[in-house]
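Could you put the whole structure together from the sequences, leaning on the hints where they help?
Chains as they are written, first to last, in the numbering used here: chain L, 6 to 115; chain W, 6 to 115; chain Y, 61 to 207; chain P, 61 to 207.
Take every hint as true, because none was put in to throw you off.
Just so you have them, the derived chain Y footprint on chain P, three or more residues with Cβ under 8 Å:
(1) 69-80
(2) 87-93
The calculated lysine-lysine pairs, modelled on DSS-like cross-linking and capped at a C-alpha distance of 30 Å, are:
(3) K72/W - K175/P
(4) K125/Y - K175/Y
(5) K32/W - K73/W
(6) K196/P - K92/W
(7) K196/P - K125/Y
(8) K32/W - K125/P
(9) K194/Y - K92/L
(10) K80/W - K92/W
(11) K11/L - K73/L
(12) K125/Y - K35/L
(13) K196/Y - K92/L
(14) K194/P - K92/W
(15) K125/Y - K64/P
(16) K175/P - K101/W
(17) K175/Y - K72/L
(18) K147/P - K32/W
(19) K35/W - K64/Y
(20) K125/P - K196/Y
(21) K64/Y - K147/P
(22) K55/W - K175/P
(23) K175/Y - K55/L
(24) K64/P - K196/P
(25) K194/P - K64/Y
(26) K80/L - K35/L
(27) K80/W - K55/W
(28) K101/W - K11/W
(29) K175/P - K92/W
(30) K32/W - K11/W
(31) K101/L - K35/L
(32) K35/L - K92/L
(33) K72/W - K92/W
(34) K45/W - K72/W
By construction, these hints were calculated from the structure, which means they are not laboratory data. By construction, the Cβ of each residue, glycine as well, lies at the ideal position given by its N, Cα and C atoms.
This is what each chain is made of:
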Amino acid sequence: MELDLKQVRNTLFVRIAGEIDMMVAEKLRKTIDRRLETNKISNLVINLEKVTFIDSSGLGVIIGRYKKMAERHGKMFIVGARPSVSKILVFSGINKLVSMYNNEQDIINI
Amino acid sequence: MELDLKQVRNTLFVRIAGEIDMMVAEKLRKTIDRRLETNKISNLVINLEKVTFIDSSGLGVIIGRYKKMAERHGKMFIVGARPSVSKILVFSGINKLVSMYNNEQDIINI
Amino acid sequence: MNMKNYVRFEFPSLPENVSFARSCVGAFAAQLNCTLEEIEEIKLVVSEAVSNSIIHGYENRPHEKVVVMATILENQIMEIMIEDYGKGIADIEQAMEPSYSSDPARMGLGFSLMKSFMDEMDVCSEPGRGTSVKLKRCFQAKSRALA
Amino acid sequence: MNMKNYVRFEFPSLPENVSFARSCVGAFAAQLNCTLEEIEEIKLVVSEAVSNSIIHGYENRPHEKVVVMATILENQIMEIMIEDYGKGIADIEQAMEPSYSSDPARMGLGFSLMKSFMDEMDVCSEPGRGTSVKLKRCFQAKSRALA
Ligand SMILES: Nc1ncnc2c1ncn2[C@@H]1O[C@H](COP(=O)(O)OP(=O)(O)O)[C@@H](O)[C@H]1O
Ligand SMILES: Nc1ncnc2c1ncn2[C@@H]1O[C@H](COP(=O)(O)OP(=O)(O)O)[C@@H](O)[C@H]1O
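Structure, rendered in structure tokens:
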């Protein structure tokens, strides 16, 4: 898994590449949480365009981050999940809580 | 493994794609030999551009075809072997018997 | 039903072997006449079951033995067995309930995913002796053409 | 020397398993800090040894057992063992000679390739009981940077 974090004002973009499983879930969780704690972030954008695989360990990190953002009355967005990844997200029901977009531009346009 | 055979006058072009190992060696040998027997072929061009793997079972087919062509005073050419494949060909010594070219155009130009 | 091919593999309970195990079973499943989407689903269920063995069965101890056996039967049927010799499950019915997890940090979706992407699931477990999950999936012979 | 990781796998002597075996060991070797070229070499030697077990050890009978064990040791060392319970080799020295093959249709290059691409090769065999080939390769930790 590769990770790229970028902050634009109060929005944190987390761009993930590769496979998200138990091997990397902890690192992903910690990296995001560290940024959420030290910065004033009210929007969290999880970009999954380059994610080729996710399992329930990965889902756990995403749903956990959603809960964190909801607690602080922030918003979360999921971007660019390919069909095989999106299928797992839908299975978990996260799509009922978080809006899913095709690309980052679509969020900026809303 | 995928195979594409094309004859231009007395030259047979054999374009191979994929991996050449014991699983496919027999099919490769038979397909080429059938064409060599039924047609008047004096030049055999083995195009390895799309071959990603070869082991000694694959080498056996190539060296065997060289011997066949030599018996009938024909010529053989090897084309487009990538470094990992070329290394194995060189190991077998076939490069001392058969000329190796970068692409089919290079043969036509000689 | 006759066995056409199988692979049995054994490896230690290291986190890096989860991805290794699912790729290998995925590569093996490619011998079936099935779609890439179906192979992705096979990789997912292997990932879930192997993660469970490591996380729950062995509580993340890294040098315990995990065994995966994948079998291709006639008629496009694939069976996968994932086995550990760890902690075991006391209440299998509860464990299989959607959203149940003994670990508050986890989702409890592993068994639900396995059940939903496979045609049959059979869990055998004994506390202190280990767990074995048997999964079965029947692929449509024409799936590639339909996809 | 400590074992860092291993995988042991077992499969029937079917020709389609040669490519499966080399991909799996290749995927496993990717856990080492080594180059793509080195992984290709590992795949080659596995292909040679597994082909030998099927072709010579089992004379192409398709449902006999082949075992491959790959071990990663400390210091970037990889050991691979390929084992069959087939015909065995009566004269190991002769078998290892470059260009020697008991089968006139083959090249006799298998052992030469294994020897040349690995740092150590050790062949144990007993006629009627089977053959085990042990290969060892030490990778330079900095190979990725040098490549
Ligand atoms: N191999 C195993 N060994 C021991 N317990 C297990 C094993 N697999 C599953 N369990 C138990 O079943 C529960 C549910 O598993 P699962 O549905 O995969 O969800 P999760 O992994 O998120 O907890 C686990 O929390 C654990 O208590
Ligand atoms: N696993 C094996 N079981 C029985 N005989 C073997 C085995 N591996 C190698 N041999 C013997 O050693 C010889 C040389 O092997 P090798 O160098 O790989 O060349 P080739 O496979 O082209 O014959 C083979 O021809 C065979 O007689």
